[in-house]
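Chains as they are written, first to last, in full-length UniProt numbering: chain P, 1 to 305; chain L, 1 to 349.
These are computed hints drawn from the structure, not numbers from a lab. Any given hint could be a false lead.
Only some residues are given here: those of chain L computed to face chain P with a beta carbon under 8 Å [claimed, not checked]: (1) K17; (2) P72; (3) F81; (4) Y87; (5) P88.
Positions of the beta carbon are idealized from the N, C-alpha and C atoms, including for glycine.
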Amino acid sequence: MALTFWRRSSVFAKTTTLPFLVLIVGVGGYSWAQVVLMAFSHLRIEAGEFVWQPAGFDNFREILANELAMYSLAVTALFVVATVVLSVVLGLVLALLVQRSRRLNRISQVVLLWPAIVAPVVVSLIWLLILSPNIGVLNKLLDTVRLPTQDWLGTEAGAIVAIIIVDVWHWTPVAFLMLYTALCAVDEEAIEAARCDGANEWQVIRYIKIPMLMPAIIGTVFIRAIMGVKAFDEMYLLTAGGPNGATTLVSLHIRDVFFDQLNYGYGSAFSVLLVALMSLAIGAGMLVRHLRAIRPFSATREVEA
Amino acid sequence: MASVEIHNVQKSYGTLKALHGVSIQIDDGEFVTLVGPSGCGKSTLLRMLAGLEEISGGTIRIAETVVNELPPKDRDIAMVFQNYALYPHMTVAENMGFALKLKNTDKREIQGKVERAARILNLDTLLQRYPRQLSGGQRQRVAMGRAIVRDPKVFLFDEPLSNLDAKLRVSMRAEIKSLHQRLGTTTVYVTHDQVEAMTMADKIVVMRDGVVEQVGAPLALYDSPVNMFVAGFIGSPAMNFLTGEIRDDGFLAGDVRLPLAAPAPELVGRRAVYGVRPEHIGIGEDGVAAEVCVVEPTGAETYLVVRLAGQEVTCVARDRLDVRAGHMVRLSPDPGRIHLFDPQSGRRL
Ligand SMILES: Nc1ncnc2c1ncn2[C@@H]1O[C@H](COP(=O)(O)OP(=O)(O)O)[C@@H](O)[C@H]1O
Ligand SMILES: [Mg+2]
Chain P
1 MALTFWRRSS
11 VFAKTTTLPF
21 LVLIVGVGGY
31 SWAQVVLMAF
41 SHLRIEAGEF
51 VWQPAGFDNF
61 REILANELAM
71 YSLAVTALFV
81 VATVVLSVVL
91 GLVLALLVQR
101 SRRLNRISQV
111 VLLWPAIVAP
121 VVVSLIWLLI
131 LSPNIGVLNK
141 LLDTVRLPTQ
151 DWLGTEAGAI
161 VAIIIVDVWH
171 WTPVAFLMLY
181 TALCAVDEEA
191 IEAARCDGAN
201 EWQVIRYIKI
211 PMLMPAIIGT
221 VFIRAIMGVK
231 AFDEMYLLTA
241 GGPNGATTLV
251 SLHIRDVFFD
261 QLNYGYGSAF
271 SVLLVALMSL
281 AIGAGMLVRH
291 LRAIRPFSAT
301 REVEA
Chain L
1 MASVEIHNVQ
11 KSYGTLKALH
21 GVSIQIDDGE
31 FVTLVGPSGC
41 GKSTLLRMLA
51 GLEEISGGTI
61 RIAETVVNEL
71 PPKDRDIAMV
81 FQNYALYPHM
91 TVAENMGFAL
101 KLKNTDKREI
111 QGKVERAARI
121 LNLDTLLQRY
131 PRQLSGGQRQ
141 RVAMGRAIVR
151 DPKVFLFDEP
161 LSNLDAKLRV
171 SMRAEIKSLH
181 QRLGTTTVYV
191 THDQVEAMTM
201 ADKIVVMRDG
211 VVEQVGAPLA
221 LYDSPVNMFV
231 AGFIGSPAMN
241 FLTGEIRDDG
251 FLAGDVRLPL
261 AAPAPELVGR
271 RAVYGVRPEH
281 IGIGEDGVAA
291 EVCVVEPTGA
301 ETYLVVRLAG
311 QEVTCVARDR
321 LDVRAGHMVR
331 LSPDPGRIHL
341 FDPQSGRRL
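Isolated chain L (complex conformation) (with noise of 0.2 Å):
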């Protein structure tokens, strides 16, 4: 178990700049999610953690000691790759206690760390097959075993469950939240999909074309996102963006006032960004009226595309509404909850 600290990491593929100087602090057990759309950094970053890539400018800690220029084979971290990475031509056992073998662990003991692993993640009845007999979740399975068995100071995991199909996602996700709390070593997983970064992270990085946007728990990006990148990566539906202007009674988005706790003075005539999360719109009898363009039944919920002073924003409703594409409905957005930005740098007012 250990800390990590990245401090002003760069990173340049020629003149492609991957990587703008990034810094996190991450705590010893710490549980930690990259999050950002494809193509940010996020394997790069990881990658660097792990030795696989060279470190351009910074330094990454691991433990307190400086890594830039150790190999990965010292500096004692697992990682899991995407597409699992196993040894096709060893089985679940080899595959799992190849880096025990590699430190001439005593066969014994091998057996019985790989067996204890195999346990706690279902594989005992698999451990004499070779990776081409499992199945994608199994061999994913083997590839988290073959990290756990080490008891390594960093976990590190790029986007492991993106091959998996949506349920097992759900079932394996909840797995490795449990694994570690069980384990509690310092976890470092990268993933575009901000769901799982949502239900599985302490502390989410969000990061965008090689920079860190924010970083936080969970619940505070989601409450108080800095920026309208921020403020649309995170929740799921995307919140909503009207632009108009903030007037002393509410916000003006064309010919529609929208309700707004009463705004900072400086702030009345100002142009802005309004953001309005979808399960923050109330539907019902009061409110501002807007046309239904879409209705998403999901069963539990259901999700309405409507139009609004000529921009479409979705809601989602909690019970079942008799509405269909081309009613009107009122909307009451919920005056504590709403998010101001400055529609020029996108950062919150």
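Extracted from the complex, chain P is given alone in its bound form (with noise of 0.2 Å):
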């Protein structure tokens, strides 16, 4: 019978899905708990014992008390922006070209993967060379065609933008592969019927395939924006947070409260804050959406036809 049918289907699908609730549960809720129950707390190490007293606000008052940590968050909020509007950018130009260029697209592909390939102390290591004041090619760069050079590393705003471009330049592959990907995907007869409806080689960008990629944009930009938050490796052996802590991103503050100054609570309570800050963002961002939603984007779901 369907009904005995839709039971037995729905109890398997619950029961093979079970092993893997119980480890997220278990893993990540696990963790998750231990980390708020310590926002909350003020943790000391007596003995190789942790001592647990309760906090209640303590931490978060202490962070909006702290200069650096409101500093951070800035700083985070800058690099992200900066990083994922040019890396989906680039990406997005990248991927358009290449997908044109029907004869060096595999080579060109695997170009432009390689960044992405390299580890972050290799990239901290070769930028590190790149930027260096007297050694550095970008200011041997600038000194032959006559532009004043500079410490990159050595000032603040230098050192911002340093990281940025290292950001920009390590992850727009994966924007780009991601982009590529789904322009390969994206149907060519709609293109041609637009070439024949009169559409320039612009326009065909402008009113079809970029409409058509949304999806896969948002997603793009959904991602990096993830990356930009948690980015840490490259930008701590590049400027450690330096110089006068104007590259201390939220990452690395936390690292330094956490195993620096073994605050544990003050590390814990920002890692709420900054979850919180960035639920708050996505939801902001899904409420726009929705309420710009006279356009589904939903190419995707076209497929079906």
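Can you join these two chains into the complex? Each is in its own frame, and there are hints to help.
See below:
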């Protein structure tokens, strides 16, 4: 009977996803609960043991009063917005260019993906050499075209620009790959129809390709934003938050309080705050999208037909 | 509106030659169908007309202008694709008005034109829907609407009805034809379905393997096909072919003598293929005897597959016949409607 079949299959579906759920709740949920608990506690280590004391909102108050913490939120916001915009725009431009040049697209795919495969340590090393004030390629280049050189990582603004450039260089390939894949899946006939309708190259991109890529673009923005908030290793190796704390991204600040200052309560509270802020940002983004939903860009759902 | 002149057009994909010098003259306002089996190069030719495919050789003129190097946007043609190729992120109205929007047409004018086209195609109530919310037939109409809103020089259709069910296909066929009569726009229509070609066209171009086999009015192709390929392709059910020898008193296929209107004296004694359409074979009291193999009643007519001189022959009876497989019937092909072909080249004798 249909009913028993349905029941059985739903039981089957539930039992097969159970181990996965247990894993997620067990690993993720447990450690999360731990972090939230720590965020509302004062923690000290005495004789190799954690000593817990309820702290209420003390840790959060401490964060709000901490100028470096507030600064790290601001500089991270700047970093995320800049890297997301630059890498998605660059990735999109590259994807559109590479897909057009049928002849070069194999080789350009490989070349363009190369930075993403390089380990962060090596990336930092490469860029330290490029940005170095005396032996760096960048300054030599600027010098030959008679532009002012500078100690990139030594000045505050220079260091912020530098970590943005390095991150964009390192992770634009991911944006490129995601958008290129999506672009290859766009219905070629719709593009040809647009050409017959009188569209020039730019109009095809503007009215057909980009709207049809919208789901992929949003996905890429989302992933790149998360990567930006979590960005750590290249920055740690490149500037270690300096000079004068100018490049103290939240991840660097948390590391500092956790491992150098051993302030676990504060560090946990900061992590909780960060997740809350990100959820808020995502929620706001979804709300905006929902309100503008006069144009559901659901090209992916078209495929049935 | 415009004439189209295709002169010795060739297309190669690397070493593969898809078109070997195709020449077709299409007059202003004419409805031309390109018909032929799958893979014969119909779409390739149509896409070259549209500017979507490079021209490897020869020239194409639209309205007396050579368009070989022009991109699609400068050719003023409208194409309807087999899979409709609607813009999924635009509503029906936006789909139909897109070409006008690209030309910076005034918003109110676009709306007026879109609404007029929508009325013609019965799409008035669907203008705010998205393509995914439409049935196959409705999508097909939107694709046509997108073409007619523009009032282009030439309409190009690439098998536009092949994704529709049989009934819808018949009604859309009539609709496209009446649309052409109303607008009078030069139309090139690709299909692999000879019935579509016969019923819609002013002129049919039969293609095979990248070559034009014959060009002509539908009934001209039916009445005097230049070779066995065209003879077998045009008409349904297909023409019967029997091999044998031409005699002065008829056609000898095996041990059966088939009627033939007095053949030209130089043909007598020659081996040939005797072609006769199923509808030109009388079934009755006299004629040559044949054994019935299959009986297919369709209601209006009955198809009989019979064995004649060791070969299978299809014939059509208008009346209801009381015959069954194994029965004998007597056939009399109409000697005035016999086609003779050369067995080697397939050419008409
Ligand atoms: N892009 C292409 N690359 C290589 N060969 C192609 C391409 N497009 C079509 N062909 C070949 O050209 C021939 C004609 O194809 P097509 O015009 O699509 O046939 P039709 O529309 O008549 O079915 C076929 O043999 C096909 O394999
Ligand atoms: Mg085709």
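Here is how each hint holds up against the structure:
1. K17: For L:K17, the interface hint is violated, since the closest Cβ of chain P sits about 21 Å away, which is over 8 Å.
2. P72: holds, 4 Å
3. F81: holds, 5 Å
4. Y87: Status holds, d = 6 Å.
5. P88: Holds - the Cβ of L:P88 comes within 8 Å of chain P, reaching about 4 Å at its closest.
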